[in-house]
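Enquirer: Residue numbers (this note's numbering), protein chains in the order written: chain A, 1 to 379; chain B, 380 to 638.
If you are wondering where the hints come from, they were derived from the structure by calculation, not from laboratory data.
Be careful, since some hints might not be right.
To be verified - Heads up, simulated BS3-like pairs for lysine-lysine below, C-alpha to C-alpha not over 30 Å straight-line:
hint, chain 1, residue 1, chain 2, residue 2
1, A, K266, B, K396
2, A, K7, B, K579
3, B, K622, A, K7
Treat the numbers as computed from the prediction; the structure is a model and nothing was measured.
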Amino acid sequence: MDFLIDKEHALLQTMLRDFAEAEVKPLAKEVDESERFPTETVAKMARFGMLGMPFPKELGGAGGDNLGYIMAVEAMSKVCGTTGVILSAHTSLCAAPIYEFGTPEQKAKYLPPLARGEKLGAFGLTEPNAGTDAAGQQTTAELKGDHYLLNGSKLFITNAGYADVYIIFAMTDKSKGTKGISAFIVEKEMPGFSIGKKEEKMGIRGSSTCELIFENVKVPVGNLLGAEGKGFGIAMKTLDGGRIGIAAQALGLAQGAIDETVAYVKERRQFGKTIGQFQNTQFQLADMQAKTDAARLLVYRAACCKDAKLPYSVEAATAKLFASETAMEVTTKAVQLHGGYGYTREYPVERMMRDAKITEIYEGTSEVQRMVISANMLK
Amino acid sequence: MNIVVCMKQVPDTTEVKIDPVTGTLIREGIPSIINPDDKGGLEAALALKDELGAKVTVLSMGPPQADLALREALAMGADEAVLLSDRAFGGADTWATSTTIAAALRKLGFDLIVCGRQAIDGDTAQVGPQIAEHLGLPHVSYVSELEATEGAVTVKRVFEDGYQRIKVKLPCLLTALKDMNKPRYMSVAGIFDAYKREVKVWGLADIEVDQDNIGLKGSPTRVKKSFTKGVKSAGKVYEVDAKEGARIIVEALKEKYVI
């Protein structure tokens, strides 16, 4: 058993830290306040190979692994939750299912531009009436010779509008329930595909979250991802991977809030000493760091399981449950330790607290993670 | 074009600790980085590689841990890496260091050698120019801009109050300033490759060098004494108007018999 980070991942962490500090952190406040999608950051991440980290070089990737990729999500989220989710949704929810379920032709066509970051990816499963109950899909795909006719809408889609490639789930046979769901690779330019209302959110405000609308979109048969009727399984497996990304986002937010708080309590003076000299502060910080370290081990374990091609569904659910709830708790404590200043936008901890909340909700709520974990225990 | 970039791994801190007995630096426990001026030189070399297709070799002399700095250079885009590491090289001053590095450069071959202006742990700015002297090469120091032309390079050499634009024939040696560019990040693909690639480690047996001029015994410099800068007592802050401020200053100076 090895809990130590090897040399190449240690080297990667120095690069990620330097990049996040210099390129991402300076924009975080503005991106949040103006709800602006940081296109320039996406271009920079692409330039240094961060948008195709776990994929082989032959397919345009960096030839890295999932551990390295989630370290990147963690490092970006430590300074900007928005950037973390852009990276996670692109990699885990779009490029990964094409890599894992795509035909050689689909991989050759779609993966290299996604992995090189020339194109951005997104994933559309959620609908107004199909959230946690993903089987309630209303979007339909009807086979018409050499193409499917896609009709319906999707809700709360991360990277919507900025993404070029979308993994979309639709009913190909409504009578079969979850076995009637199929997955498709849909391109932004396909006629009849449009972007609907943009959500106004509590946190991760720089990330684009919109509705997708499909009106008689002709999707070529060659863009069916996996076999017809296998979409539900693809969605669930994709979300297993996505959860590790979101867990890493939560982990980054927690550590980022701790780092800000440590710096603050060394400076802020009350009653003639720094507030870091009070035992209450020290004990709070210790609890925050202990939980965050525990979350980190769970998140890294899930990523290592995926890299080792071992089952990782339960590990991903455990990591996401614990990391997201830790992020919420730690960021809340960080605001508390900052006192009145923590509640203002002058300090980044209130943003981190707002950003943390979504990690308990998207890509499977905490309740869903508990279902996954306990179902495995009681089977 | 064959470019060799000479780099030093240095401690990344202003609080460098010095062994009071030997007067040498204690490196343990302090994070190490590529010396900033050297990194600027590496970036300049990599930019020439992007533009003209040069081969960039990084060369460093240091303990085995200096391997990390070379891996970083490989991940940034360098083609080859050589680490000069041998107990016989240890304790070298600038003379012995430049003698050793020059011997390695003779073995490597080069069209252009790029060094950093000076290392943040020693600040001598001697090693680069000394290497050039050992090799009988022209050198230009304090380079802030670099442009390659046919068989030559044109550089901007900066001073505090002006600059020179110099065209120098290859082969030559330049010493670079960190401000000349913004070094690129390592690429993710480069990082995942860095430990799969070879860092050649050359010891005394691998280079042809006069053994009387290397290592501690080949170093003419003798450190008589090293000491940490003394701590000044904390000042006092008065929040008063200018007139009262002047009165307090005059009084304090009188008290110390300055005036």
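Enquirer: All hints, please: hold or fail.
Expert: Hints versus structure:
1. For the given pair, A:K266 sits about 24 Å from B:K396 by alpha-carbon distance, which is consistent with the 30 Å threshold.
2. Pair hint A:K7 plus B:K579 holds up; C-alpha atoms about 18 Å apart against a cutoff of 30 Å.
3. The straight-line distance between the Cα atoms of B:K622 and A:K7 is roughly 61 Å, outside the 30 Å bound, and the hint therefore fails.
This entry does not satisfy hint 3, going by the numbered hints stated previously; all others are met.
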